[in-house]
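Undergrad: Line by line, the protein sequences give chains C and V. Each residue of the first sequence is one higher than the one before, starting from 1 at the first, in my numbering. Each residue of the second sequence is one higher than the one before, starting from 478 at the first, in my numbering.
It should be emphasised that the hints constitute simulated quantities derived from the structure, not laboratory data. These numbers were taken from a predicted model, which means no experiment stands behind them. Possibly wrong hints are sitting among the right ones.
Taking lysine-lysine and the DSS-like style, the derived pairs with C-alpha atoms no more than 30 angstroms apart in a straight line are [said to hold, decoys possible]:
#, chain 1, residue 1, chain 2, residue 2
1, C, K161, V, K805
2, V, K694, C, K221
3, V, K619, C, K217
4, V, K638, C, K142
5, C, K161, V, K694
6, C, K142, V, K694
7, C, K221, C, K282
8, C, K161, V, K491
9, V, K939, V, K850
10, C, K217, V, K891
11, V, K638, C, K328
12, C, K221, V, K698
13, V, K480, V, K638
14, C, K373, C, K409
15, C, K414, V, K694
16, V, K806, V, K850
17, C, K217, V, K638
18, V, K638, C, K221
19, C, K142, C, K405
20, C, K217, V, K521
21, C, K31, C, K405
22, C, K328, C, K414
With beta-carbon atoms standing in for the labels, derived distance ranges [unchecked claim]:
#, chain 1, residue 1, chain 2, residue 2, range
23, V, G609, C, F269, 34 to 44 angstroms
24, C, L104, V, E786, 30 to 40 angstroms
25, V, S512, C, P461, 35 to 45 angstroms
26, C, E21, V, G922, 28 to 38 angstroms
27, C, N249, V, T778, 17 to 27 angstroms
28, C, L401, V, E660, 36 to 46 angstroms
29, C, W323, V, G922, 25 to 35 angstroms
30, V, G497, C, P461, 43 to 53 angstroms
31, V, D509, C, P461, 45 to 55 angstroms
32, V, S773, C, L327, 20 to 30 angstroms
33, C, N397, V, G922, 50 to 60 angstroms
These stretches of chain C come out as covered by chain V in the derived footprint (C-beta under 8 angstroms, 3 or more residues) [stated by the list, open to error]:
#, stretch
34, 158-171
35, 191-200
36, 294-306
37, 356-370
38, 384-390
39, 437-446
For every residue, glycine included, the Cβ atom is placed at its ideal position computed from N, Cα and C.
There are 2 protein chains.
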Amino acid sequence: MTKYNKITPEIAEKLQAIVGEKRFFAGDAVKDDFSHDEMPIYGKYYPEVVCEVESTDEVSQIMRLCCENNIPVTPRGAGTGLVGGCVPLCGGVVLCTTRMNKILSYDMNNLVVHIQPGVLLCDLAADALTRGLMYPPDPGEKTATVGGNVSTNAGGMRAVKYGVTRDYVLAMTVVLPDGRVMELGKTVCKTSSGYSLLHLMIGSEGTLGIITELTLKLIPKPAMDVSLILPFSDVETAIASVPQIKLANLDPQSIEFMERDIVDSSAAFTGNSVFPTVVNGKEAGAYILVTLVGDSEAELTVKMDRLGELAESCGAYDTLVVWTDGLKKDVWAARSAFLTVIEADTKLLDELDVVVPVDRIADFLVYTRAAGKAEGITIRNFGHAGDGNLHIYCCANDMELDEFKRRSKAVMDKCYAKCSEFGGQVSGEHAIGHAKKQYLHESVGDTAFGLMQAIKQVFDPKGILNPGKVCTNVEEV
Amino acid sequence: MTKYNKITPEIAEKLQAIVGEKRFFAGDAVKDDFSHDEMPIYGKYYPEVVCEVESTDEVSQIMRLCCENNIPVTPRGAGTGLVGGCVPLCGGVVLCTTRMNKILSYDMNNLVVHIQPGVLLCDLAADALTRGLMYPPDPGEKTATVGGNVSTNAGGMRAVKYGVTRDYVLAMTVVLPDGRVMELGKTVCKTSSGYSLLHLMIGSEGTLGIITELTLKLIPKPAMDVSLILPFSDVETAIASVPQIKLANLDPQSIEFMERDIVDSSAAFTGNSVFPTVVNGKEAGAYILVTLVGDSEAELTVKMDRLGELAESCGAYDTLVVWTDGLKKDVWAARSAFLTVIEADTKLLDELDVVVPVDRIADFLVYTRAAGKAEGITIRNFGHAGDGNLHIYCCANDMELDEFKRRSKAVMDKCYAKCSEFGGQVSGEHAIGHAKKQYLHESVGDTAFGLMQAIKQVFDPKGILNPGKVCTNVEEV
Numbered sequence: 001m002t003k004y005n006k007i008t009p010e011i012a013e014k015l016q017a018i019v020g021e022k023r024f025f026a027g028d029a030v031k032d033d034f035s036h037d038e039m040p041i042y043g044k045y046y047p048e049v050v051c052e053v054e055s056t057d058e059v060s061q062i063m064r065l066c067c068e069n070n071i072p073v074t075p076r077g078a079g080t081g082l083v084g085g086c087v088p089l090c091g092g093v094v095l096c097t098t099r100m101n102k103i104l105s106y107d108m109n110n111l112v113v114h115i116q117p118g119v120l121l122c123d124l125a126a127d128a129l130t131r132g133l134m135y136p137p138d139p140g141e142k143t144a145t146v147g148g149n150v151s152t153n154a155g156g157m158r159a160v161k162y163g164v165t166r167d168y169v170l171a172m173t174v175v176l177p178d179g180r181v182m183e184l185g186k187t188v189c190k191t192s193s194g195y196s197l198l199h200l201m202i203g204s205e206g207t208l209g210i211i212t213e214l215t216l217k218l219i220p221k222p223a224m225d226v227s228l229i230l231p232f233s234d235v236e237t238a239i240a241s242v243p244q245i246k247l248a249n250l251d252p253q254s255i256e257f258m259e260r261d262i263v264d265s266s267a268a269f270t271g272n273s274v275f276p277t278v279v280n281g282k283e284a285g286a287y288i289l290v291t292l293v294g295d296s297e298a299e300l301t302v303k304m305d306r307l308g309e310l311a312e313s314c315g316a317y318d319t320l321v322v323w324t325d326g327l328k329k330d331v332w333a334a335r336s337a338f339l340t341v342i343e344a345d346t347k348l349l350d351e352l353d354v355v356v357p358v359d360r361i362a363d364f365l366v367y368t369r370a371a372g373k374a375e376g377i378t379i380r381n382f383g384h385a386g387d388g389n390l391h392i393y394c395c396a397n398d399m400e401l402d403e404f405k406r407r408s409k410a411v412m413d414k415c416y417a418k419c420s421e422f423g424g425q426v427s428g429e430h431a432i433g434h435a436k437k438q439y440l441h442e443s444v445g446d447t448a449f450g451l452m453q454a455i456k457q458v459f460d461p462k463g464i465l466n467p468g469k470v471c472t473n474v475e476e477v
Numbered sequence: 478m479t480k481y482n483k484i485t486p487e488i489a490e491k492l493q494a495i496v497g498e499k500r501f502f503a504g505d506a507v508k509d510d511f512s513h514d515e516m517p518i519y520g521k522y523y524p525e526v527v528c529e530v531e532s533t534d535e536v537s538q539i540m541r542l543c544c545e546n547n548i549p550v551t552p553r554g555a556g557t558g559l560v561g562g563c564v565p566l567c568g569g570v571v572l573c574t575t576r577m578n579k580i581l582s583y584d585m586n587n588l589v590v591h592i593q594p595g596v597l598l599c600d601l602a603a604d605a606l607t608r609g610l611m612y613p614p615d616p617g618e619k620t621a622t623v624g625g626n627v628s629t630n631a632g633g634m635r636a637v638k639y640g641v642t643r644d645y646v647l648a649m650t651v652v653l654p655d656g657r658v659m660e661l662g663k664t665v666c667k668t669s670s671g672y673s674l675l676h677l678m679i680g681s682e683g684t685l686g687i688i689t690e691l692t693l694k695l696i697p698k699p700a701m702d703v704s705l706i707l708p709f710s711d712v713e714t715a716i717a718s719v720p721q722i723k724l725a726n727l728d729p730q731s732i733e734f735m736e737r738d739i740v741d742s743s744a745a746f747t748g749n750s751v752f753p754t755v756v757n758g759k760e761a762g763a764y765i766l767v768t769l770v771g772d773s774e775a776e777l778t779v780k781m782d783r784l785g786e787l788a789e790s791c792g793a794y795d796t797l798v799v800w801t802d803g804l805k806k807d808v809w810a811a812r813s814a815f816l817t818v819i820e821a822d823t824k825l826l827d828e829l830d831v832v833v834p835v836d837r838i839a840d841f842l843v844y845t846r847a848a849g850k851a852e853g854i855t856i857r858n859f860g861h862a863g864d865g866n867l868h869i870y871c872c873a874n875d876m877e878l879d880e881f882k883r884r885s886k887a888v889m890d891k892c893y894a895k896c897s898e899f900g901g902q903v904s905g906e907h908a909i910g911h912a913k914k915q916y917l918h919e920s921v922g923d924t925a926f927g928l929m930q931a932i933k934q935v936f937d938p939k940g941i942l943n944p945g946k947v948c949t950n951v952e953e954v
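Just chain C, with the same shape it has in the complex (with noise of 0.2 angstroms):
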């Protein structure tokens, strides 16, 4: 295991004289919001210094004077990651890519973006409509940097239609541990040319290299699209509809399915009841929200109708369409809350992001429930019903930290486990970082925990760049 130096007076001279003194921060001046991420139960680990980076160059000068150096590197966009990926587990330089933020051009004819890593999501998403253009990855987190993102392969609601973040990057601009810079892929959509090192890269988390620039692919914005609501007695009925829609031939942008608890908790908090609760005199207990998209009301009201007549032989009380700006507005406004909702009422959290066999949910949240329940843990839930991602929360008020630490690991435990049975993954899109290593080992074992290891080593034979994710252990600072 690497012996890792502390950061000398000497050091941070020239770290400073690559950044300049307004980007570099040590000591006290580092703000706290450095040292954790958007899920604090994984506790908090303080850079010695934070460089905010403006440039592949100085990305470039840093990388190798710390790689001389034996110094780690943990690169972070904006933060809002919920495993721990972008903490430097042992302090060294935190990266900050924020600065890199412009959208430095397009490329009308080929249909593409060349962004630096630090451009927010939703930034990208709202430049690239003025062009008439839609970026389709569409993660939750808005205020995610797109070269997050990229190294989460983050998925997001519309990839049961588009894909996910994978799919759109064309070529990088990235800085390896040593410092060298290498360019990958081209402005172009199809290639056999050698291993997939763009591949490779996107979804590495930041522990092969440093991305410093994208190369995205767009695609012209649809002209119209529609929601639509389709209430179920309970979740197995709501989720045992999905095959259904997805045979019927309808392309849909996203199919999304939540419970009712949620939806009246998004409800209270929001102040908007967009979601009915009492249907034809029954009460609906899960919901499925489907998004159509097409070129006119012609094509969506054929397509409306088809997705109608299958809900109801598929026992959903009704199909709400979903279908003015300003209800479409509240319905999204009322998803978009639900993280913020479950935040809002809990005390304590921790969260599994397990992608299943679509046709294993209903079975896998039925599984969680019981399991929190056993360790008297409450479950909250929401997700993808499109592709199987689901956002799981383990959540407690009225608990010491380390009593709760313990039962949530448990119930983590066994969901895990019970994921990799049902045939799943550990991240849907939520990735590794230092959190959930363990699992990851577990789940797709030795011999490719292996090669990952070996892969690392490839890229970074000394270990300084983001230690202690994916596949690498370190002793934590």
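Take the given structure of chain C and dock chain V to it, following the hints.
TA: Positioned in the frame of chain C, the structure of chain V alone reads:
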């Protein structure tokens, strides 16, 4: 460099014991076919033995034995490649997967199919259709194995709408060079669970492991499709229309281009003149062939009308609708015959399979023709206008082989350099094999090429699996 051993009678006996004598061939019993693929210009290399495997376990046993004894193993599917990827440069074992040709099961809830790697593309496509499903990747060579398609990340004509083979591989079973068996991926479409070994394996041309089972994503079969032929005066005008077509929100399934000479040859060869040569009194010099898919005739009619108007504004002489089954069959038969037609016309042949940004296609074609002319080599081509993937052939009839090779290499050197200058990549879908290694190295540079070599070393420290391909060098035997 590893010193490989020859197969001794003792080892041959062990190999024969693994697969049984009916599926084991040595010496004169090895068919000539196993010494080459479909591009004869790259020479013949004979294996010492051929093993026709039928199971993961047999592959694992063979790899363990060969690894212990430093014997090279070259996996081979249907042998339809064009860059020598399945050719046993160093002798040893050819491990033939064509008997692993079972479609194992469909999972209609999750829209996936489990298959063995030796299933032919045409068989999978046809079988899926009988379930109302479509396997979207559609490379021109329908008798390739799907395992071969995955190993080269084959793209095909529908890539512009549906993406490439990579986008449909959810999971695989892999035998590593030392015989260990590894499962990668699951029946899920969204994952962020460690480095993507799955994506590293896709397109690695059988150099990192041998695929013995695949889980592939399917989609509901589109209700209907229609193709439209757009004749233009010349290839520059034709290609200039492509970005406009892509921006128009028509979501075409394919956008192919073809020049007049290849259309004429194809008509002479097939006896069917489906592409009009004179339109409204004007000679057509090039064509764009667009296929649209949709749910109903009404939906497609709206799209066709929009495409027609757009095509006219881009200088198309007309828009010819290919709607009837008979006409569709003729048009696609003509399109599918292009390579066969070139082969039939030509004694000496070599090819480029570059991919360039869509707006550089015409410039690149003009350049290649000039480069060919300078060396006295005839250039013929066709390709995928929607994604920039060009199939370009160096042809000659009255030339000595060595002279052709020398001149053809001079053309290639120039064209690959120009491709890099234009921001393209060495191969769109045919991959690297041993024929294109030099150009891959020049294109990606020392850093990326060195990382590929180090990754190969991680998976295959003895270098016994498919030696001399993608990024490794061997002394040819």
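Undergrad: Can you take a look at whether the stretch 294-306 of chain C is actually covered by chain V? Rule is 3+ residues, C-beta closer than 8 angstroms.
TA: That given contact holds, which follows from 6 residues of the stretch 294-306 of chain C lying within Cβ reach (below 8 angstroms) of chain V.
Undergrad: Taking 30 angstroms as the top limit, are the C-alpha atoms of K939 (chain V) and K850 (chain V) close enough?
TA: violated (45 angstroms)
Undergrad: Please verify whether K638 (chain V) and K142 (chain C) have alpha carbons no more than 30 angstroms apart.
TA: holds (27 angstroms)
Undergrad: Per the hint of 30 to 40 angstroms, is the separation of the Cβ atoms of L104 (chain C) and E786 (chain V) within bounds?
TA: holds (34 angstroms)
Undergrad: Below or equal to 30 angstroms on CA atoms is what counts here, so check K638 (chain V) against K221 (chain C).
TA: Measuring from Cα to Cα gives roughly 15 angstroms; hence the hint holds.
Undergrad: Within the stretch 384-390 of chain C, is the number of residues with a Cβ closer than 8 angstroms to a Cβ of chain V three or more?
TA: Contact hint for the stretch 384-390 of chain C vs chain V: holds, 4 residues under 8 angstroms.
Undergrad: Would you mind confirming whether the straight-line C-alpha gap from K161 (chain C) to K491 (chain V) stays at or under 30 angstroms?
TA: Outside the cut-off at roughly 50 angstroms; violated.
Undergrad: Keeping to a limit of 30 angstroms between CA atoms, is the pair of K161 (chain C) and K805 (chain V) held or broken?
TA: Holds, at roughly 28 angstroms.
Undergrad: Under the criterion that the straight-line Cα-Cα distance not exceed 30 angstroms, is the pair K694 (chain V), K221 (chain C) satisfied?
TA: Roughly 25 angstroms between the alpha carbons, so the hint for K694 (chain V) and K221 (chain C) holds.
Undergrad: Against the 30 angstroms threshold, does the CA-CA distance of K217 (chain C) and K638 (chain V) hold or violate the hint?
TA: holds (13 angstroms)
Undergrad: Is the gap between the beta carbons of N397 (chain C) and G922 (chain V) within 50 to 60 angstroms?
TA: holds (56 angstroms)
Undergrad: Quick one, are K619 (chain V) and K217 (chain C) close enough, alpha carbons at most 30 angstroms?
TA: The given pair, whose Cα atoms are some 29 angstroms apart, holds under the 30 angstroms limit.
Hint compliance for this structure: hints 7, 8, 9, 13, 16, 20, 22 and 29 are not met, and every other hint is.
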